[in-house]
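Q: Line order of the protein sequences matches chains A and B. Residue numbers 1 to 302, in the working numbering, belong to the letters of the first sequence in order. Residue numbers 303 to 611, in the working numbering, belong to the letters of the second sequence in order.
It is possible that some hints are incorrect.
Only part of the chain B face toward chain A is listed, based on derived beta-carbon distances under 7 Å [stated by the list, open to error]:
{"#": "1", "residue": "Tyr350"}
{"#": "2", "residue": "Gly363"}
{"#": "3", "residue": "Val366"}
{"#": "4", "residue": "Val369"}
{"#": "5", "residue": "Phe416"}
{"#": "6", "residue": "Gly418"}
{"#": "7", "residue": "Met424"}
{"#": "8", "residue": "Val426"}
{"#": "9", "residue": "Val428"}
{"#": "10", "residue": "Ala431"}
{"#": "11", "residue": "Val524"}
{"#": "12", "residue": "Leu526"}
{"#": "13", "residue": "Val537"}
{"#": "14", "residue": "Val541"}
{"#": "15", "residue": "Leu574"}
In short, the hints are calculated from the structure, not lab data. Source: prediction; values computed, not measured. For each residue, glycine too, the CB sits at the ideal point set by N, CA and C.
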Amino acid sequence: MSVSAPAKATIPPVRQDRVRKYGPDGISGRRLGLRIAVGVIIALVFLTPYLIMLVGSLKTRPEILRVPPRYFPQDGLQFGNYASMWSTPETPLPFNLISTLIISIFATLLVLLVATPAAYYTARFRFPGKIAFLFLVIVTQMLQPAVLTAGLFRQMLVLDINDTWLAMILINAAFNLSFALWIMHSFFAGIPKEIDEAAQLDGAGRLKVLFTVNLPLVWPGIVTAIIFTFVSSWNEFAASLVIMSTAENQPLSVALTKFIGQYATSWQYVFGISIVAIIPVIILFALIEKRLIGGLTAGAVK
Amino acid sequence: MSTLTPPVIRERKRGGGPQNRDSLWAALPWVGPVLLLIFGVVLFPAAYMIYSSTRRISQAGTNVEGVGFENFATVFADPNLPRVLLNTFVWVIVVVSVTVVLSLLLANFLNKPFPGRTLVRMAVIVPWAASVVMTTTVFYYGLDRDYGIMNSFLVDIGLLDSTYGFTKNVATALGAAIVVGIFVSIPFTTYTLLAGLQAVPSDALEAAKMDGAGPVRTYFSVVLPQLRGALAVAVLINVINVFNNLPILRIMTGSIPGYSADTLMTYIFKVLQFDRRLDIASALSVVNFAVVILIVAVYVKVVKPMKET
Numbered sequence: 001m002s003v004s005a006p007a008k009a010t011i012p013p014v015r016q017d018r019v020r021k022y023g024p025d026g027i028s029g030r031r032l033g034l035r036i037a038v039g040v041i042i043a044l045v046f047l048t049p050y051l052i053m054l055v056g057s058l059k060t061r062p063e064i065l066r067v068p069p070r071y072f073p074q075d076g077l078q079f080g081n082y083a084s085m086w087s088t089p090e091t092p093l094p095f096n097l098i099s100t101l102i103i104s105i106f107a108t109l110l111v112l113l114v115a116t117p118a119a120y121y122t123a124r125f126r127f128p129g130k131i132a133f134l135f136l137v138i139v140t141q142m143l144q145p146a147v148l149t150a151g152l153f154r155q156m157l158v159l160d161i162n163d164t165w166l167a168m169i170l171i172n173a174a175f176n177l178s179f180a181l182w183i184m185h186s187f188f189a190g191i192p193k194e195i196d197e198a199a200q201l202d203g204a205g206r207l208k209v210l211f212t213v214n215l216p217l218v219w220p221g222i223v224t225a226i227i228f229t230f231v232s233s234w235n236e237f238a239a240s241l242v243i244m245s246t247a248e249n250q251p252l253s254v255a256l257t258k259f260i261g262q263y264a265t266s267w268q269y270v271f272g273i274s275i276v277a278i279i280p281v282i283i284l285f286a287l288i289e290k291r292l293i294g295g296l297t298a299g300a301v302k
Numbered sequence: 303m304s305t306l307t308p309p310v311i312r313e314r315k316r317g318g319g320p321q322n323r324d325s326l327w328a329a330l331p332w333v334g335p336v337l338l339l340i341f342g343v344v345l346f347p348a349a350y351m352i353y354s355s356t357r358r359i360s361q362a363g364t365n366v367e368g369v370g371f372e373n374f375a376t377v378f379a380d381p382n383l384p385r386v387l388l389n390t391f392v393w394v395i396v397v398v399s400v401t402v403v404l405s406l407l408l409a410n411f412l413n414k415p416f417p418g419r420t421l422v423r424m425a426v427i428v429p430w431a432a433s434v435v436m437t438t439t440v441f442y443y444g445l446d447r448d449y450g451i452m453n454s455f456l457v458d459i460g461l462l463d464s465t466y467g468f469t470k471n472v473a474t475a476l477g478a479a480i481v482v483g484i485f486v487s488i489p490f491t492t493y494t495l496l497a498g499l500q501a502v503p504s505d506a507l508e509a510a511k512m513d514g515a516g517p518v519r520t521y522f523s524v525v526l527p528q529l530r531g532a533l534a535v536a537v538l539i540n541v542i543n544v545f546n547n548l549p550i551l552r553i554m555t556g557s558i559p560g561y562s563a564d565t566l567m568t569y570i571f572k573v574l575q576f577d578r579r580l581d582i583a584s585a586l587s588v589v590n591f592a593v594v595i596l597i598v599a600v601y602v603k604v605v606k607p608m609k610e611t
């Protein structure tokens, strides 16, 4: 492809630099061009569904239900869809958004509150049953709300908190706790213990050592735990589907399924909501891209 | 191959001073809240579900009476079950195997240097962050026979003679669900394998080159063996995730009446939601749970996440 041409045309010092950076085996410009082309195709494959979503969210209703469809709207981009979508008859979307936000935020806070001390403690101290404790954490990391929904549903009925934010906050927190604990555990353990000991000699208690000495150093781990828990709660579907029965309480993931299978679905609204719900979490995930694997696989991949 | 986070190893080496060894009572304030959440919201519902599977429960959720294994007898005598299990098996095997092969190719590609690589990696992460419900919805819309944009694209590039109602019959709806399943599973798998690839020591690659091994030979005799751990993790986590996936099949096969396109998970949710049979749904979930536990056991055995402790 012609992408390689500029690389050849550059002045020698820059070119040498390029060769060192991209071609330890002496990769030719043509080969590099091929890689870029393949890269572009791969990016397009993964982005296309979301581009369809974006373009679809800007179509008029007749346009999006048009037979045969057109790839690009001919009657202008309807940015007004993003205002009118909030009052659609299918589901009370403003409530759904608030529900999703509240559940995700409080589940994340609860995880942070509960997992941080445990992560610090297990990284620093020994206690009877520590291995059993860590094993329990690893095993629960493999479980998902969907597997236990029948049990969770009945439990929430009996506790009389079925169809409440509290139920979903507890569920999302419990099922994301393990990931958060693991990722923070590995960050705490990466801090030399001598730092703690120095602070302890100055008379600081353990809690004070955690907050004043460790927390400022492990913030990347904490941010990863926060983002992962938030995104995972934001997207939770199975348990909410059964437990949140009132339309106003349902999170966006459940509410959106109500549009599907209708005679003439308002796809432009479905996609508008989806874009609003997806863009923030993509940005959050991109921020922690490099650290996602470490926590997810419990350190099994070195 | 597999190590726990380095910290645990280091701790063992140091042996830990006396002030680092606590009693259970001293540990409780630190780890107690975690235990409370895990026991209260993961292990208790699991136990409660098993208990519920041996009871008769009214549609309102009232516990009527104990029936022993009667619910399981009902489940195993269910004429829908063989088809549901077959679908589940095909769904898991096809999605996971295709995902792993494609992710291996993708991870190898993304491990090579080229300008703009970070941007491509970011593009690959998108389906991972996005809600599976929302991603599946686009495919459902795109494959609509009349106004679906993917359907008309397939016609435009000559793959189809005329648009086709993919979500209207069992085989094509399952096929479409499998495509979406692969699409949303690739990002995690690729990143796991990429992490594994980056851990392949460069001196091993150098040595292979010195010995005159070609790229293919080097790949199969040096790189792939090093990837075993990452592959094991990727396969097992995918098996669990795909096995437990609800939204993709529920949306893609949602317009098909009856149970001929159901997997165990979508079947459980139909029994739970539409039939309101908590007892039968619990028995089905227990069967499902047993499979998950089995996979977790294999994971612990193969990956040995606790090896270093």
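Q: With reference to the structure, classify each hint as holding or not holding.
A: These are the hints, each one checked on the structure:
Hint status for B:Tyr350: holds, given a least beta-carbon distance of 5 Å to chain A, under 7 Å. Because the beta carbon of B:Gly363 sits about 5 Å from the nearest beta carbon in chain A, less than 7 Å, this interface hint is met. Against a cut-off of 7 Å between C-beta atoms, the interface hint on B:Val366 is violated, since the closest Cβ of chain A lies about 13 Å away. Proximity of B:Val369 to chain A is violated relative to the hint, the smallest CB-CB distance being about 16 Å (cut-off 7 Å).
With a cut of 7 Å, the hint placing B:Phe416 at the interface with chain A holds, because the nearest CB-to-CB distance is about 4 Å. The closest approach between the C-beta of B:Gly418 and any C-beta of chain A is roughly 6 Å, which is under the 7 Å cut-off, so the hint is satisfied. For B:Met424, the suggested interface contact is upheld, since its CB lies about 5 Å from the closest CB of chain A, less than 7 Å. Because the beta carbon of B:Val426 sits about 5 Å from the nearest beta carbon in chain A, less than 7 Å, this interface hint is met.
At about 6 Å, the closest approach between the beta carbon of B:Val428 and any beta carbon in chain A falls short of 7 Å, and the interface hint on this residue holds. A distance limit of 7 Å between C-beta atoms decides the matter here; for B:Ala431 the minimum to chain A is near 4 Å, and the interface restraint holds. Nearest Cβ of chain A to the Cβ of B:Val524: about 15 Å, over the 7 Å cut. The hint is violated. Here the hint on B:Leu526 is broken, as its CB sits about 15 Å from the closest CB of chain A, past 7 Å.
Because the closest C-beta pair between B:Val537 and chain A is about 12 Å apart, greater than 7 Å, the hint is violated. For the restraint placing B:Val541 at the interface with chain A, the shortest Cβ-Cβ distance is roughly 10 Å, beyond the 7 Å limit, so the hint is violated. Interface restraint check for B:Leu574: the shortest CB-CB distance to chain A comes to about 6 Å, inside 7 Å, so the restraint holds.
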